[in-house]
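Protein sequences appear in the order of chains A and B.
Under full-length UniProt numbering, think of the first position of the first sequence as 1, with each following residue one higher.
Under full-length UniProt numbering, think of the first position of the second sequence as 1, with each following residue one higher.
Since the hints were derived computationally from the structure, they do not count as laboratory data.
There's no promise every hint is true.
Unchecked claim - No more than 20 Å apart at the CA atoms, straight line, and that leaves these computed lysine to any residue pairs for SDA-like:
1. A/K373 with B/K23
2. A/K453 with B/D192
3. A/K453 with B/Q187
4. A/K305 with B/E316
5. B/K23 with B/G188
6. A/K305 with B/L253
7. B/K453 with A/D192
8. B/K305 with A/D233
To be verified - Far from chain B, by Cβ distances over 10 Å, these chain A residues were calculated:
9. Y204
10. G259
11. A326
12. A372
13. A412
14. T417
15. S459
Unchecked claim - Chain B side only, calculated, beta carbon under 8 Å to chain A, not exhaustive:
16. I190
17. R198
18. V364
19. A380
20. Y382
21. A429
22. G433
23. I435
24. E438
From the three backbone atoms N, C-alpha and C, an ideal C-beta is built for every residue, glycine too.
2 protein chains.
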Amino acid sequence: MDDRLYPLPGAAPVPPEVLARLKAAVGPRGVAEDPAEIAPHLVAWRDGWRGEVPLVLRPESTAEVAAIVRICAEARVPIVPQSGNTGLTGGGQPHMGGSEIVLSLARMNRIREVDPLNDSMTVEAGVILQTVQEEAARHDRLFPLSLAAEGTCRIGGNLSTNAGGVQVLRYGNARALVLGLEVVTAQGEIWDGLRSLRKDNAGYDMKQVFLGAEGTLGIITAATLKLFPRPRDSAVALVAVPSAEAGIELLALMKAAMGETVTAFELMHEICFTLAAQTMGHEDPMPGSEWRVLLQVDGPGPQGKMAEALEAALGEALERGIATDAVLPASLDQAQKLWRIREDQAEVQQRAGAGIKHDISVPVSRIPEFVAKADAALAAVYPGFRPCTFGHAGDGNLHYNPIRPEDWTDAAWKAETQAINRIVHDLVAEMNGSITAEHGVGRLRMHEMARLKDPVEMSLMRRLKAAMDPAGILNPGKLLA
Amino acid sequence: MDDRLYPLPGAAPVPPEVLARLKAAVGPRGVAEDPAEIAPHLVAWRDGWRGEVPLVLRPESTAEVAAIVRICAEARVPIVPQSGNTGLTGGGQPHMGGSEIVLSLARMNRIREVDPLNDSMTVEAGVILQTVQEEAARHDRLFPLSLAAEGTCRIGGNLSTNAGGVQVLRYGNARALVLGLEVVTAQGEIWDGLRSLRKDNAGYDMKQVFLGAEGTLGIITAATLKLFPRPRDSAVALVAVPSAEAGIELLALMKAAMGETVTAFELMHEICFTLAAQTMGHEDPMPGSEWRVLLQVDGPGPQGKMAEALEAALGEALERGIATDAVLPASLDQAQKLWRIREDQAEVQQRAGAGIKHDISVPVSRIPEFVAKADAALAAVYPGFRPCTFGHAGDGNLHYNPIRPEDWTDAAWKAETQAINRIVHDLVAEMNGSITAEHGVGRLRMHEMARLKDPVEMSLMRRLKAAMDPAGILNPGKLLA
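Turn these sequences into a full structure, and let the hints guide you.
Written out as structure tokens, the structure is:
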């Protein structure tokens, strides 16, 4: 049996009279019932999460969202909030059985306000991330959240999952980019917390409760986001380091020498480059070194300053022996080529054979220890596996994706998923790390989180859920079992 | 009657058998009963908040804190957590009537761990802020939280009040500086959330609930803090701007030109300088301009680079007419003199005659509008009042402190406190601002917050309080009535 296809325990189909009330609340344009129209809302783009619903509601205003929630609260019908449906943990898809409705925020896609002198922008939950970025750029500002799905994912989902991405080192996770929220509570009230303040200690900071809660505590309908000055000068380098330890020392050196201008710092194992060459023809610019760092610095300009400062810092690193070689691309095109090796890793690893994906974090200082211990633990059981390790080392976040030994079948390797997860996650827990650094819990990591987390923390989380959503109608069976 | 001296509604003295159990839980070194020893814990250093307790408990470990809370939870005895006792809102002092106990965290003052390569440090709640800063410096790192009380206040209180200070523009409030917390819950459980991760989406981010909650949801006993690279190069400027509007445009220009290196950006009205000259003999370096900005930029070095970049940016500001004059101090000594005019404002204003203090915030872009409207509204009722306005304009946070007209008595002006608060706070509410940007709610702003806040938000806050502290034993009568 596919363990991703199951109903909610004790679930019954949504009663027809409730469906009728829901349809009346949003009008014909706000309802999708046609199976073909519903289909894309029922399935995840990856990993096989799939469910069933009698209808998808597509409200176009906060008032309509609130009306839906009030009806569902009264009838105890569970709601699955959905924005871009690009998540990786089964948190945004319904269960099987047709007992839930999907509430899509996609039609709530207005940019309500841009205030460049306050460096803020208020947008509805359904605005596509890339649209937010572009609107910021039109006002000569930067909205720094950036991730692979940015052309499809929507800001409501980014905030509900506290999305990460490639610039967290400098700008923080999605949570750090929010000044205010508008939320529909599980009771169907509208909370207008769209304040655009940098400082506000008037009571509990309620927005923190809803950010990263994966739609289980309230439905984010709009947000006031922080904007930043737009950097005008960039420099990129690929650096060979003699060890993972040296890579972490290089990070400290770069931060000391260049402050907040260090935007990205990605540690990559040689195997990632070898496989990128084999599977996609990407040239390896410095064959022979086991560990490399791809880093980027961005500054206000004038142009060329960053490259100059970066060269000086790397010069020091070479002198101190924490770097052994460095490539500074001479053109934007060459810089993009380097980045493509990093960005194509998902595709590269797919082509190289089945990998078991992990999205873990540990303290930055303990990355080398984690890598050594995880590699050793896996090699003991699975000799010949390929540790295609890479990730946002500046954040302590590794996508630790062991790939099958060359002579194994994909199916045989996939069958080891749970055993391999357990080895990796137990090590992470031992090191006080996180088993889901940026992708969230959803259904994928729900039981594993409950197994590994401190019972006191689990009970605090349950208390919070019971306080905000006592009837359990918001995205049940996700995050908390 | 002094409206700061009152008992908790329905309060009874702590029963002797409970006191005996509490004393046994911490041993003789953990108890203060002598009135002289207790006295400093009962009174605020400013503004007359005062209370009574039968004893002050001074646990030296998290286990002892938990034991105290369990006894109090069972007996329903309210606890007033206290660390440095430097708050400004009556949040840290007990009520009259002897129905509560004070739990001082001062003896929990160990630095548990410093991890420079992870840029993190774990400290107990009773460590003095300045000690945290010094320990960070010893490891060549910066802990950027900095405020007037730093030699006395303790980190537990800083985190429980989400303290602000002079470097928020660059580094954020206290909340933004925390990676992990250890908390004793209202049930007397110990939650070890001392993770030192940059990214962790494994479930609700429970630490956010306790940060800034003023000890009403749990007792913070230790924290893992973020450290930063230590800037090695600084430059300061005092800039005359033709208007408050131009001041805000200057901020945008500085951020665009200098990125995150802009550490402080303080807008000050001329009156602040005039009074500083009259009352404390501080020389006014640019008499005649109504509005000035005191700003500081800090970078990684080498030395001199910041001054050079600052001069270039200010040159552009002068050219564009958003600055009319600028003083760049030639020495550290001169820079400190400029800062002293800012730092001495509390004292200066005290000497100039009674002021009614406000700690408000509005969107940065709306500061000029706020100042104009507030000045006009007050002048209509109180002609001749002196708008000694200054504050962290980079954060939208003003200490808007109207000083009595020269011919009024201090007493007559103080008698207008409530009326003036109301004019200022109503305007703030109308502009979607905060009536307590950095000092918190405590008892001082409790009723005013309830009057002005959205009822939905108030009910969310009450739900959170009921979930975390259902018996209401943690700092009752603070923040929420």
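Going through the hints against the structure:
no., hint, in the structure
1, A/K373 with B/K23, "violated (47 Å)"
2, A/K453 with B/D192, "holds (10 Å)"
3, A/K453 with B/Q187, "holds (19 Å)"
4, A/K305 with B/E316, "holds (19 Å)"
5, B/K23 with B/G188, "holds (16 Å)"
6, A/K305 with B/L253, "holds (19 Å)"
7, B/K453 with A/D192, "holds (10 Å)"
8, B/K305 with A/D233, "holds (17 Å)"
9, Y204, "violated (5 Å)"
10, G259, "violated (5 Å)"
11, A326, "holds (19 Å)"
12, A372, "holds (16 Å)"
13, A412, "holds (29 Å)"
14, T417, "holds (19 Å)"
15, S459, "violated (8 Å)"
16, I190, "holds (7 Å)"
17, R198, "holds (4 Å)"
18, V364, "holds (5 Å)"
19, A380, "violated (26 Å)"
20, Y382, "violated (25 Å)"
21, A429, "violated (10 Å)"
22, G433, "holds (7 Å)"
23, I435, "holds (6 Å)"
24, E438, "holds (5 Å)"
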